[in-house]
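**Q** Chains as they are written, first to last, in the numbering used here: chain A, 1 to 194; chain B, 1 to 627.
FYI, nobody ran anything at the bench for these hints, they're computed from the structure. Keep in mind that the hints are not guaranteed to be accurate.
List time: in silico SDA-like cross-link candidates among lysine to any residue, alpha-carbon distance up to 25 Å [said to hold, decoys possible]:
#1 B:Lys566 x A:Lys156
#2 B:Lys622 x A:Tyr41
#3 B:Lys549 x A:Lys156
#4 A:Lys3 x A:Gly119
#5 A:Lys3 x A:Leu23
#6 A:Lys77 x B:Lys622
#7 A:Lys156 x A:Glu14
#8 A:Lys3 x A:Ala114
#9 A:Lys100 x A:Glu133
#10 B:Lys549 x A:Val181
#11 B:Lys622 x A:Asp81
#12 B:Lys549 x A:Glu24
#13 B:Lys622 x A:Gly119
#14 A:Lys182 x A:Met141
#15 B:Lys549 x A:Leu13
#16 B:Lys622 x A:Ala114
It should be emphasised that the depicted structure is a prediction, and the values quoted were computed from it without experimental measurement.
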Amino acid sequence: MRKILIIFAHPRLENSRVNIRLLEKIPDRENITLHDLYETYPDFNIDVEQEKSMLSANEIILWHHPLYWYSAPPLLKQWIDMVLEFGWAYGTGGTALKDKIIFNAFTSGGNKEAYCPEGYNCFTIFDFMRPFEQTARLCLMEYLPPFAVMGTNQMKEAEIARAAMDYGNLLETLSNGDFDVKNALSATYLNDIL
Amino acid sequence: MAAEANFLAQSTVFLAAAVICVPIAKRLGLGSVLGYLIAGMLIGPFILGFIGDEREEIMHFAEFGVVIMLFLIGLELEPDKLWRLRKQILGIGAVQVVATSAIIFTAGLLLGLLWQSSLAIALGLSLSSTAIVLQTLNEKELMQTDGGQNSFSVLLFQDIAVIPILALLPLLAVKGLKDQAAENETILEGLPLGLQTLGVLAAVALIFLVGRYLVVPVLRMIARSRVRELFMGTALLIVVSIAYLMQLVGLSAALGTFLAGVILANSEYRHQLESDLEPVKGLLLGLFFIAVGASIDFALVAAKPLLIVSLTLALMAVKFLVLFLIGRFFMLSLSQNFLFSFSLAQAGEFGFVIFAFVSELGVATSETLGIGMSIVALSMTITPLLFIINEKIIQPRLCDRSSEESELPHDVVEEKNQVIIAGFGHFGATVGRFLRANGVEATYIDNDPDQVNLLRTLGFKVYYGDATRPDFLLSAGAAEARVFVSALPSPDENYDLAETLEEFFPNLEIMMRAKNRYDAYEFVDMGLKNIYRETLDTSLRLGADVLIKLGRRAYASKRAGQTFLKQDEQAMWELAEHRHDRERYISEARARIKYQEEVIKRDMEVEQLPVDHAWDSEPLIKSSRES
Chain A
1 MRKILIIFAH
11 PRLENSRVNI
21 RLLEKIPDRE
31 NITLHDLYET
41 YPDFNIDVEQ
51 EKSMLSANEI
61 ILWHHPLYWY
71 SAPPLLKQWI
81 DMVLEFGWAY
91 GTGGTALKDK
101 IIFNAFTSGG
111 NKEAYCPEGY
121 NCFTIFDFMR
131 PFEQTARLCL
141 MEYLPPFAVM
151 GTNQMKEAEI
161 ARAAMDYGNL
171 LETLSNGDFD
181 VKNALSATYL
191 NDIL
Chain B
1 MAAEANFLAQ
11 STVFLAAAVI
21 CVPIAKRLGL
31 GSVLGYLIAG
41 MLIGPFILGF
51 IGDEREEIMH
61 FAEFGVVIML
71 FLIGLELEPD
81 KLWRLRKQIL
91 GIGAVQVVAT
101 SAIIFTAGLL
111 LGLLWQSSLA
121 IALGLSLSST
131 AIVLQTLNEK
141 ELMQTDGGQN
151 SFSVLLFQDI
161 AVIPILALLP
171 LLAVKGLKDQ
181 AAENETILEG
191 LPLGLQTLGV
201 LAAVALIFLV
211 GRYLVVPVLR
221 MIARSRVREL
231 FMGTALLIVV
241 SIAYLMQLVG
251 LSAALGTFLA
261 GVILANSEYR
271 HQLESDLEPV
281 KGLLLGLFFI
291 AVGASIDFAL
301 VAAKPLLIVS
311 LTLALMAVKF
321 LVLFLIGRFF
331 MLSLSQNFLF
341 SFSLAQAGEF
351 GFVIFAFVSE
361 LGVATSETLG
371 IGMSIVALSM
381 TITPLLFIIN
391 EKIIQPRLCD
401 RSSEESELPH
411 DVVEEKNQVI
421 IAGFGHFGAT
431 VGRFLRANGV
441 EATYIDNDPD
451 QVNLLRTLGF
461 KVYYGDATRP
471 DFLLSAGAAE
481 ARVFVSALPS
491 PDENYDLAET
501 LEEFFPNLEI
511 MMRAKNRYDA
521 YEFVDMGLKN
531 IYRETLDTSL
541 RLGADVLIKL
551 GRRAYASKRA
561 GQTFLKQDEQ
571 AMWELAEHRH
581 DRERYISEAR
591 ARIKYQEEVI
601 KRDMEVEQLP
611 VDHAWDSEPL
621 IKSSRES
């Protein structure tokens, strides 16, 4: 059993088609916590100490968000800026997050073809994830490949249901602890380890 | 009837002289003191002759202004500040009195006076004029400078020194003349010396105890009764009764009220006492100066002009030199030393008192005393001129040395906050607590005695008083503050306050609490820029929370609240502009309904929920499906 913290950032969940479905499939388990940033901090005034103690209490962290303009919504960036303090998360004596597992679980309107040198976004999704990857590395965390739900603009109902199911299964697997980190690291997407 | 008519005639003469002369003197840059003195000379027996023999009586009565002034000075001086001044008071003060007296005494002997007369006159002339010096220093705002503080210390010592001097004089009485003071009878007279001392100590202790434990509760009770003139009456009662007590035991009334002032300096009623007594003091001092001006015996001066003028100048030169050397020794900077020495170079009102006493004792001849009195009056009259010489000629020459001035006066640190909050109810208190939590201390003023009392016990600097009075605002530091939070509960009071502030303290940034929209319109009309309707933010916050309770997302709800707030503020400014046109045609009640209608209509025109196109994927989805 491993404790999972889902840090969720979505400024307009009320209009969401896909993310709302992903949330519905989060297993109702004691060791999985959904932390809805926009609902908790509508005024962007993040309680840093509270956040730090939540991070300390969990082993696997998810940044769950839609991809807006090749990045996360602003409150998640604010969260990174405020919470990952020098001397705590990184830098001298900053070892609080050492060896914790972290990854992005994101949805994107464009599909995988759009995110490649030939596509209209020119770069791969991994290029755009670099800032998160390096943030995790600086904090001495194990950064896993992302769980990606891509091409949501054109998704049919069945595909959405399938993606939601995958998300639920992934969380179940991770929370049970029956997965191999090396195996996960070598996957392209975490969707593939299921 | 005759006495009454006489009183009215006299009052008319005095007030008219003051009203005419003082503004002219001030206009010419001579200061109010000189204005009063000139007024006195004009109406005195030697020029216009409006007043004659009664001037001594008037002077005696008007001296009470000095007593009130010392009470007010005491109020400004908290006990620990007074304690810090002890070296200056005892050191500089004692040296000044002893050295000056010694020189004048020697001069008197050389001029062929009896040693007794010479000593009495020397002691009388060594003292300076508390009234003129402190009034002038206050008017020129020099009290907090080093020179001002030292002048004050010397004057305080002189006030104390008067007591032993008056006690000593009878011993000088020339044999064969009555050796008992007719005036100055005290209840302690005839008692053994030990008991007399005990009586004096008991009186001082009484002032301390009453000031400490009785006055503040009484003031609180009076303040709660909300009868304004009664507060002033109580203030006068404090001063008058202490003066009376001091007279009974043979101490200086000024000293007693000064002590009472110091004891009350920490109380929340300090500013209110100040602003209530200030005008009374000003008028009485004015009267006093007029009487001094009127008492100059121009006939005597005309008879012996050379003698009197040269003696006056010699006296002032001696006093100046002694003071200057003392200033040197106590390491005053050059410019502060000039201020200090010019300030105290005159003889003062105690000179009159001592000379009057001396004449009764027969220590000196009446001719000598007449000359002495003229010298005192003349030197007092010259003093304001000396201040002007110092200010206009001496100080500018010292300007290049101004570096040494740059260090601030350190002895008396006045609490002058950048923020003043009027009204310490729930509204003002929340603002104040928030500022304090962020390291900003404010000065608070409130007119609810219970509230003031409670907050002072919690360590807030709260003062009791009527915030709409300019003199009270001034003593609360409105001239130095930057921001004024007007948080009184009543819109009318806030309105009056804002008008006062705009008129007297135009450089203050006014932050105005408004009750509601209509209230706010009034402030918009007034030209205020920072208007805060007290119910607006709260009701919108509540409204947003209702949306959240109904299941809306928190972020969207809060943003909706903020957007609404912004639009409503904007509507307030726009509607305030037009409302006068409408008011001309319809009644106020109907106008209000009309406003309400306009506001609601406007709401309907504007979309309330923010449309976040940034996060709206509909068009994207549509376009990508079409492609």
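**Q** For every hint, state whether the structure bears it out.
**A** Going through the hints against the structure:
1. B:Lys566 x A:Lys156: 41 Å, violated
2. B:Lys622 x A:Tyr41: 32 Å, violated
3. B:Lys549 x A:Lys156: 33 Å, violated
4. A:Lys3 x A:Gly119: It is violated: about 38 Å lies between the C-alpha atoms, which goes past 25 Å.
5. A:Lys3 x A:Leu23: Judged against 25 Å, a Cα distance of about 17 Å means the pair holds.
6. A:Lys77 x B:Lys622: Judged against 25 Å, a Cα distance of about 29 Å means the pair is violated.
7. A:Lys156 x A:Glu14: 19 Å, holds
8. A:Lys3 x A:Ala114: Violated. Lys3 of chain A to Ala114 of chain A sits at ~35 Å, over the 25 Å cutoff.
9. A:Lys100 x A:Glu133: It holds: about 13 Å lies between the C-alpha atoms, which stays within 25 Å.
10. B:Lys549 x A:Val181: This hinted pair is violated, its Cα atoms lying about 42 Å apart.
11. B:Lys622 x A:Asp81: 35 Å, violated
12. B:Lys549 x A:Glu24: 20 Å, holds
13. B:Lys622 x A:Gly119: 19 Å, holds
14. A:Lys182 x A:Met141: OK: Lys182 of chain A and Met141 of chain A at ~14 Å, within 25 Å.
15. B:Lys549 x A:Leu13: Within the cut-off at roughly 16 Å; holds.
16. B:Lys622 x A:Ala114: Roughly 17 Å separates the two Cα atoms, so the pair holds.
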